[in-house]
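Here are the chains, one letter per residue:
There are 2 protein chains.
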Amino acid sequence: MALIVQKFGGTSVADMERIASAARLVESEVAQGNKVAVVVSAMAGETNKLVKYISAISPTSDMKEHDTVVSAGEQVTAGLMALELQKVGLKARSWLGWQVPLRTDDSYGKARIKGIGPGTFARSISDGQVAVLAGFQGLSSGNRITTLGRGGSDTTAVALAAALGADRCDIFTDVDGVYTSDPRIVAKARKISKITYEEMLEMASLGAKVLQTRSVELAMKYRVKLQVRSSFTDVEGTLVVDENEILEHELVSGIAHSRDESKITLIRVADRPGIAASIFGPLTEANINVDMIVQNVSEDGAATDLTFTVNRSDYEHTLNVLRNNKDNLGFERIASDPGVTKISVVGVGMRSHSGVAQKMFNALAERGINIQVISTSEIKVSVLISEEYTELALRALHSAYDLDEN
Amino acid sequence: MALIVQKFGGTSVADMERIASAARLVESEVAQGNKVAVVVSAMAGETNKLVKYISAISPTSDMKEHDTVVSAGEQVTAGLMALELQKVGLKARSWLGWQVPLRTDDSYGKARIKGIGPGTFARSISDGQVAVLAGFQGLSSGNRITTLGRGGSDTTAVALAAALGADRCDIFTDVDGVYTSDPRIVAKARKISKITYEEMLEMASLGAKVLQTRSVELAMKYRVKLQVRSSFTDVEGTLVVDENEILEHELVSGIAHSRDESKITLIRVADRPGIAASIFGPLTEANINVDMIVQNVSEDGAATDLTFTVNRSDYEHTLNVLRNNKDNLGFERIASDPGVTKISVVGVGMRSHSGVAQKMFNALAERGINIQVISTSEIKVSVLISEEYTELALRALHSAYDLDEN
Chain Z
1 MALIVQKFGG TSVADMERIA SAARLVESEV AQGNKVAVVV SAMAGETNKL VKYISAISPT
61 SDMKEHDTVV SAGEQVTAGL MALELQKVGL KARSWLGWQV PLRTDDSYGK ARIKGIGPGT
121 FARSISDGQV AVLAGFQGLS SGNRITTLGR GGSDTTAVAL AAALGADRCD IFTDVDGVYT
181 SDPRIVAKAR KISKITYEEM LEMASLGAKV LQTRSVELAM KYRVKLQVRS SFTDVEGTLV
241 VDENEILEHE LVSGIAHSRD ESKITLIRVA DRPGIAASIF GPLTEANINV DMIVQNVSED
301 GAATDLTFTV NRSDYEHTLN VLRNNKDNLG FERIASDPGV TKISVVGVGM RSHSGVAQKM
361 FNALAERGIN IQVISTSEIK VSVLISEEYT ELALRALHSA YDLDEN
Chain W
1 MALIVQKFGG TSVADMERIA SAARLVESEV AQGNKVAVVV SAMAGETNKL VKYISAISPT
61 SDMKEHDTVV SAGEQVTAGL MALELQKVGL KARSWLGWQV PLRTDDSYGK ARIKGIGPGT
121 FARSISDGQV AVLAGFQGLS SGNRITTLGR GGSDTTAVAL AAALGADRCD IFTDVDGVYT
181 SDPRIVAKAR KISKITYEEM LEMASLGAKV LQTRSVELAM KYRVKLQVRS SFTDVEGTLV
241 VDENEILEHE LVSGIAHSRD ESKITLIRVA DRPGIAASIF GPLTEANINV DMIVQNVSED
301 GAATDLTFTV NRSDYEHTLN VLRNNKDNLG FERIASDPGV TKISVVGVGM RSHSGVAQKM
361 FNALAERGIN IQVISTSEIK VSVLISEEYT ELALRALHSA YDLDEN
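Chains Z and W supply the protein sequences, listed in that same order. Numbering-wise, the numbering used here puts 380 at position 380 of the first sequence, and it's gapless, one number per residue. Numbering-wise, the numbering used here puts 21 at position 21 of the second sequence, and it's gapless, one number per residue.
Quick caveat, the hints were computed from the structure, so don't treat them as lab data. Incorrect hints may have been included.
[To be verified] In silico lysine-lysine, DSS-like type, Cα no more than 30 Å apart, as pairs:
1) Lys52/W / Lys91/Z
2) Lys64/W / Lys91/Z
3) Lys49/W / Lys49/Z
4) Lys110/Z / Lys87/W
[What the hints assert, rightly or not] If you only want the chain W side, here are some residues facing chain Z, beta carbon under 7 Å, derived:
5) Leu3
6) Ile57
7) Thr60
8) Ser61
9) Ala72
10) Val76
11) Ala82
12) Leu83
13) Glu84
14) Gln86
15) Lys87
16) Ser94
17) Asp106
18) Ser107
Each residue gets a CB set at the ideal place from its N, CA and C atoms; glycine is no exception.
Working from the sequences, and respecting the hints, build out all of it.
In structure tokens:
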């Protein structure tokens, strides 16, 4: 007997028919003698509708109220799923974040989970009741509803699996696994059967929108065995596991990309100690995540150019913060491009092989694609290119690393 | 400085524009130096949508899950209203039933309020923050969401006004007050400027769908001064007050009607002590509300006919319960009519005047309308007639009691 967490995303609970299909997947786990906890997202489109209501009132709204409003979608699905499970004869009940309670910090809109109350919740599962937990939501210290940020239901599922010591956490979504690249762009992309947490983390954070980054981090931290699979087809999904569970590693596992990037260059920043801190301090305070950072060695020792990227949604905000701090920072001017793409080659295999980056640079150079910024980590090489080359670059790299399906 | 509770119904918060209009009504109370607590319904149509989801799964569903699902609509509106109030510069926050907490009994789907937690909630109002409470919902002893039944937001508002000792409770809706009869049927119906709790209670329970019956009962019990008014027009509404606050009483205040009636007659029931109890016991157990009851004196002393009415939605259920108990009850057969109308003449003035009923019987007789059942109370006379005569009867009675607008 195993304990399984099953998470159903918005498209998997989009209407009554799909909720019924999802319930059958739960039923089949229970029929195998397993205990099951279910995490549900809002019905597809619901959260967007609620966000639109909020934006119509005020774009910069009180996040406490924001979270109260947008968490309603998961509440509805949780109740409906519990009813559907009861209909097929299972013992089931819904749980809202505040009922468990799933405690978070007080960062409304992007709260982090602090703990999952054991008590009656865990007991009900071990008593054989299917627990249907509303994803995405938690409870703040001030007794108010928090939400975990977009895709937060993945995080709920993984945190729950960790807290319960679950044997596996299945993430049901509308794709049947993680692919070597975006199949809508790269026709020859293949499904990956097993991928390491580290790789998945890079793939997730780099734009393969299958799993939320934080959920993968959490899975890695607590060694939760994740499976990404489709709720529509009965094919094997992708297992996200520990590195030692994969015998043969490909050199490169996948090519990820993200179009949500924008590039900002501060021209002729004073080249003195502490300048980076004084630039990025105000951005951190404004809650802006800076991704790639490149600083050139200055020629004259007095001033240099500093380039970095931020999410496109933070672009205008970032420019405003910089302009407001111009006197303090002492740059000459700002050059910026709201539309660039980050392309990344990811694979744990590159730890033990050299030449991976070189192959990338060559492949791009052959197609005449200019690399604007380079950033590397142990298991990935990322480059920033002009957005218009996105598809060309992805396909070229997919072939270059022999990832194409035969 | 007064403390005012303002309740906005579903049509008054149907979209962002109307929520903004409602917020201006709150703003204007605050501008007059008053403390305000707001109670909101779900956006018009939302609760029906959620109920439809539930019915698609199972018509006889676990009411705990039912309540979890259907309470989501009010949660959304509460958050949106708080945001709108903040936008116009007021201090405001939303409160959900479980946050206050608004404690109820455990009758999911039609819970009764047991108490409103004072603590931080009441303090926030006296500190000048506008409290926006999600209507219709409460918290059970089992830490789950309950709902108060249809129209429950009225009850939330009145209970809140009672608990806070509010000076007035304004019920904003899509009509501008309580009318002497349904203006859609009786063109000459007039708006009543003041009505007593007792009269309103009869009008409400008899089908003038302006206020939920339980909210009026509660207002009467705690002497909450109610005002029914429109959120769309700035005209005076109807005040529901104590009898001694009305100097001149009309003989008859209004003519109410309800089409939601169905009539059941048990033919040749044994005429023995305890027979009524044995008939209505099973119906009470089945949660069916019986309204009018008429039992004729039996001619032969052995068997009699017994007629009663139930809500049309309980009609089939009632017949089933009776048939299942046929052996026990020993009636010969059942005669029934799912579609009858109850028409009632209401007015505290009839306490001190005779002839009110007679005038009603005459007016109906003149139009050839057959009276099937009669029932009276201190301040009302109700008759059951065939549904097709509804409009004719209402207009005839409205004229007969001189209620027509000049």
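inquiry  = Given a cut of 7 Å on the nearest C-beta pair, is the interface hint for threonine 60/W held or broken against chain Z?
reply    = violated (10 Å)
key: Minimum beta-carbon distance criterion (7 Å), lysine 87/W to chain Z   = The hint holds - lysine 87/W has a Cβ within 7 Å of chain Z, the shortest such distance being about 5 Å.
key: Interface hint for alanine 82/W, Cβ within 7 Å of any Cβ on chain Z   = This interface hint holds because 5 Å falls under the 7 Å limit.
Satisfaction of the glutamine 86/W interface hint, Cβ to chain Z closer than 7 Å = Holds: closest Cβ of chain Z sits about 6 Å from glutamine 86/W, inside 7 Å.
inquiry  = Please check whether leucine 83/W passes as an interface residue: C-beta within 7 Å of a C-beta belonging to chain Z.
reply    = Holds - the Cβ of leucine 83/W comes within 7 Å of chain Z, reaching about 5 Å at its closest.
ask   = Can we keep the serine 61/W interface hint, with Cβ of chain Z closer than 7 Å?
value = holds (5 Å)
query = Holds or violated: is the Cβ of valine 76/W closer than 7 Å to a Cβ in chain Z?
reply = holds (5 Å)
task = Return the status of the interface hint for leucine 3/W: holds when the least beta-carbon distance to chain Z is below 7 Å, violated otherwise.
result = violated (23 Å)
query = Would the pair lysine 49/W and lysine 49/Z pass a check requiring their Cα atoms to be no farther apart than 30 Å?
reply = holds (15 Å)
inquiry  = Need the status of pair lysine 110/Z, lysine 87/W: alpha-carbon distance at most 30 Å?
reply    = The given pair, whose Cα atoms are some 22 Å apart, holds under the 30 Å limit.
ask   = Do the alpha carbons of lysine 52/W and lysine 91/Z lie within 30 Å of each other, as the hint requires?
value = With Cα atoms ~23 Å apart, lysine 52/W and lysine 91/Z stay inside 30 Å; holds.
key: Interface hint compliance - isoleucine 57/W to chain Z, C-beta minimum distance less than 7 Å   = Holds, because the Cβ-Cβ distance from isoleucine 57/W to chain Z comes to roughly 5 Å (cut-off 7 Å).
Comparing the model with each numbered hint stated earlier shows that hints 5, 7, 17, 18 do not hold.
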